[in-house]
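Enquirer: Below, each chain spelled out in residue letters.
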Amino acid sequence: METVLAVLVGILVAASVYLMLARNLLRFLFGLVLLSNAANLTIFAAGRLTEATPPLVPKGMLGPTETVANALPQALILTAIVIGFGLLAFTLVLVYRGYRTLGTLESDAMRFAEPAADAPPSTITDPDGSAL
Amino acid sequence: MVSLSAHSEPKTEAEEDKLPAQRFAPVWLAVLLPAALTIGFCFALPTIIHGGSIRIAYDWVPSLGVSLSFMVDGLSLTFALLITGIGTVILIYSGSYLACHPHLGRFILYLLSFMVAMLGLVLADNLITFFVFWELTTVISYLLIGFDHASSKARRAALQALLLTGAGGLALLAGLILLGLAAGSFEFSAIIAQGDAVRAHDLYLPILVLVLIGAFTKSAQVPFHIWLPNAMAAPTPVSAYLHSATMVKAGIYLLARSHPVLSGTEAWIWSLTLFGAVTAIWASILALRQTDLKLALAYTTVTALGILTMFLGSEATIAVAAAVTFLIVHSLYKAALFLVIGNIDHATGTRDVGQLRGLAGFMPMTAIAAAAAAFSMAGFPPFLGFIGKELKYEGALAIASEPLLVAGAAVLANALMVAVAGIVAWRPFYGGEPATATHPREVPLRRWIGPAVLAALGLTFGLAPSLIADSLVQPAISAILGRKETVKLALWHGVNVPLLLSLLTFALGLSIYAVHTRIRERLTALGARLPFTGDAAWDRLIAGMRALATAQTGLLQTGLLRRYLLTVFASFALLIWASLAVTDAWRPPSAWPDLLVKHWVVVALIVAGASMAVVAHSRLAAICFLGVVGVGVALLFIMFGAPDVAITQLLVETLVVVLVAVAMLRLPRLKPDSARPNRHRDAALAIAVGGAVTVTLIAVIEEPFDRSITTFFERASVPEAFGRNIVNVILVDFRALDTFGEVAVVGVAAIAALSLIRGAARRRR
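Protein chains in written order, with the numbering used here: chain A, 701 to 832; chain B, 36 to 800.
Just so you know, not all the hints are guaranteed correct.
[Unchecked claim] DEER-style ranges, computed between Cβ atoms:
1. Ile792(B) to Glu751(A): 41 to 47 Å
2. Glu751(A) to Leu690(B): 26 to 32 Å
3. Ala643(B) to Met761(A): 27 to 33 Å
4. Glu751(A) to Val650(B): 32 to 38 Å
5. Met761(A) to Leu610(B): 44 to 50 Å
6. Glu751(A) to Val778(B): 27 to 33 Å
7. Leu690(B) to Met761(A): 33 to 39 Å
8. His652(B) to Met761(A): 51 to 57 Å
[What the hints assert, rightly or not] Chain A is nowhere near these chain B residues, computed Cβ spacing over 12 Å in every case:
9. Leu133
10. Asp327
11. Gly396
12. Leu439
13. His474
14. Leu502
15. Arg750
Since the hints were derived computationally from the structure, they do not count as laboratory data. Where a beta carbon is used, it is the ideal one built from N, C-alpha and C, also for glycine.
Make the full structure from the sequences, and use the hints.
Expert: The structure is reproduced here in structure tokens:
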């Protein structure tokens with residue numbers, strides 16, 4: 701199963717890279733969502749899979765009595781999911797704010813801080829004027 | 036004497052009358068330091084004369100073999116006395132020369148720092164300590180040369196010196212580290228005994244080349260000489276100090292210091308002899324071309340450095356004796372002459388040879404000092420310069436490999452030096468009337484006493500060479516050659532070949548002097564026809580580097596997000612595939628296990644969701660497909676024993692969909708992605724990255740698994756943390772700080788997001 705997961709992760713990563721290379725920042729965001737799923741699955745597969753036995757200690761015992769799923773990657777993934785969510789939420793707001801300020805979602809056109817060599821900064825979208 | 040002259044000198048010059056009295060105090064205090072150091076070093080003389088040496092060491096970074104160790108032997112003491120002695124003279128002079136300069140305090144600080152750095156350089160025993168002081172002299176010389184920071188010429192000269200000597204310094208650092216490794220020690224005192232081992236070492240040639248680059252850049256050997264004449268943009272006392280006892284002599288010191296270890300091979304002999312000879316002759320010719328006194332003098336420094344390098348190339352005792360003696364001679368007369376030119380400059384407002392005639396009547400003391408120094412420079416008896424020159428010829432003849440080349444170069448360079456001495460220190464003072472705007476008058480005592488003392492020392496040592504023969508020259512030669520040597524210095528050696536060569540030099544030199552204006556015209560005309568000059572080549576080099584920097588910045592820093600991501604992903608794929616190929620880490624999957632239908636269904640769900648998200652044209656559809664992927668991943672978690680993770684995943688997935696959907700309401704629709712340029716390139720890159728991840732993950736999975744950390748958590752979970760859900764225990768107990776950090780990250784992201792939204796709202800109002 702781990703091998704299948706490895707292939708699955710590869711497909712997710714490929715899809716996410718293709719989306720992130722798009723000019724539209726919404727697609728970039730979609731790619732980010734896929735990438736964090738792929739990362740979580742990578743950790744999961746690297747920690748090896750055990751079917752249907754959650755890492756729990758039965759009552760009255762000092763440790764698990766049978767072979768249970770690897771607890772460590774699960775703890776790491778839980779952290780990663782939450783951090784990934786924080787990153788996504790912030791990026792989403794950043795994209796939203798960027799659109800409000802610059803009036804576009806095309807990353808190629810967002811050249812306020814680094815104007816293209818042939819265009820002086822003043823010809824770039826005025827941050828105040830075109831907000832709406 | 037120092038404080039006496041401070042009070043006895045009446046303030047004749049108008050500029051000094053305006054000065055507040057307290058301004059003098061720090062300057063004269065500053066003079067005390069080099070003066071006290073000079074006297075202090077004199078106390079080391081008895082030990083050195085008896086062939087001993089003094090070593091002091093403190094641990095600095097013992098684990099790396101770096102110690103603050105210092106050693107006084109014949110060589111370092113000779114340099115130390117020159118540095119502190121001439122430093123004293125320069126400071127006395129500077130206090131008067133720059134008396135009304137607003138940054139006099141800064142100047143004195145630079146000068147003293149420079150002296151200390153130079154002292155550290157010649158006294159250091161540890162290679163790394165030596166290098167630190169070497170770099171310090173580079174940095175402080177930058178400050179000194181660029182002291183007149185309002186002038187772009189001075190800034191350019193300072194930067195040029197910094198870059199050239201700094202680049203040489205880098206090479207030197209590499210060379211010193213290799214030397215330390217080859218010799219098995221980082222202390223000069225220990226390395227000196229390892230000469231044969233180092234010369235036979237595989238690394239000998241790299242060491243030699245790197246060390247020589249360091250020495251040649253610092254000591255202004257052709258073609259690295261261009262920075263030195265430009266460095267005369269510094270105030271005259273700085274030039275006097277840099278050219279006589281410090282800075283440029285650091286390279287000579289390095290050659291002398293590494294002589295016992297690196298010398299004696301064909302590579303050493305030929306590189307030093309050739310570079311030295313070419314430098315000496317080329318610089319003499321350039322010196323003859325100059326009409327600016329200071330510039331002419333600056334080029335003769337390059338000549339002297341070439342001669343010193345040439346003689347240090349030899350193993351012969353007499354050649355090394357010539358180098359050491361000439362080192363002392365040169366330091367004394369060069370400092371004196373620069374200070375004299377400073378006096379002329381101040382008194383007349385010009386340094387142009389054409390305008391300066393007959394100054395002796397107006398500036399008698401300066402004229403006497405100038406004449407005495409010039410005689411030493413030209414090598415007339417009974418000055419020390421004569422002894423130095425005789426030794427040079429004797430040494431040249433003793434050099435086994437190429438006596439004719441060395442002797443010829445020495446005669447030519449010395450003859451040109453005679454001519455330049457006449458131009459710089461004779462012609463301005465005698466014959467004719469000064470054609471200057473201001474009426475020249477003698478400078479105050481503090482400004483002629485220094486050159487006078489230095490010139491007088493040249494005469495004294497010439498008359499009584501035994502004063503320095505046993506105390507300085509002989510111990511220095513012993514240190515350079517790594518064996519005990521005895522040399523006799525004397526004015527009269529009888530009629531022999533060196534004396535005949537001396538006479539030839541005088542004849543040649545005086546003839547050149549007689550026709551030097553005509554030679555200068557020819558040289559100027561010839562120079563105009565040269566295809567390029569070293570300085571112009573330097574400018575082109577710097578311009579080329581700037582263009583390269585601009586080009587590569589334009590290439591890498593495009594300001595386009597896609598370009599950056601492209602670079603990141605492409606490097607990622609390239610590095611992983613390359614390392615997989617190189618390290619042979621690729622493992623084919625051992626077995627495709629039997630999967631149940633439910634597994635295939637979930638996997639197919641995820642793949643379908645991801646693919647549809649890629650090709651979806653509508654935002655809403657894309658979000659739905661992302662949701663499918665998220666739910667599919669959650670199902671995988673449930674199937675493989677991770678219900679906690681699955682719950683969180685579902686929760687977050689829901690939140691993501693809601694958040695993105697809310698944002699959609701305020702964002703424009705997607706344009707179809709099919710029109711995007713470079714689709715095929717992006718797809719190829721995406722497959723390369725995805726494939727790299729898959730292959731790496733399979734390689735990881737095929738490795739044996741170490742479950743020990745998990746086993747620890749499973750065993751410790753109940754007894755130590757009293758929790759039966761091991762994942763939860765790990766999160767809130769064993770890795771509680773991580774979880775705390777995670778909460779903090781989410782908090783920070785929330786605050787940042789909030790402020791971004793608020794800012795947008797305010798702007799809208």
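Enquirer: Please go over all the hints and tell whether each is borne out by the structure.
Expert: Hint-by-hint comparison with the structure:
no. : hint                               : result
1   : Ile792(B) to Glu751(A): 41 to 47 Å : 44 Å, holds
2   : Glu751(A) to Leu690(B): 26 to 32 Å : 28 Å, holds
3   : Ala643(B) to Met761(A): 27 to 33 Å : 42 Å, violated
4   : Glu751(A) to Val650(B): 32 to 38 Å : 33 Å, holds
5   : Met761(A) to Leu610(B): 44 to 50 Å : 46 Å, holds
6   : Glu751(A) to Val778(B): 27 to 33 Å : 32 Å, holds
7   : Leu690(B) to Met761(A): 33 to 39 Å : 36 Å, holds
8   : His652(B) to Met761(A): 51 to 57 Å : 55 Å, holds
9   : Leu133                             : 46 Å, holds
10  : Asp327                             : 44 Å, holds
11  : Gly396                             : 65 Å, holds
12  : Leu439                             : 61 Å, holds
13  : His474                             : 58 Å, holds
14  : Leu502                             : 69 Å, holds
15  : Arg750                             : 5 Å, violated
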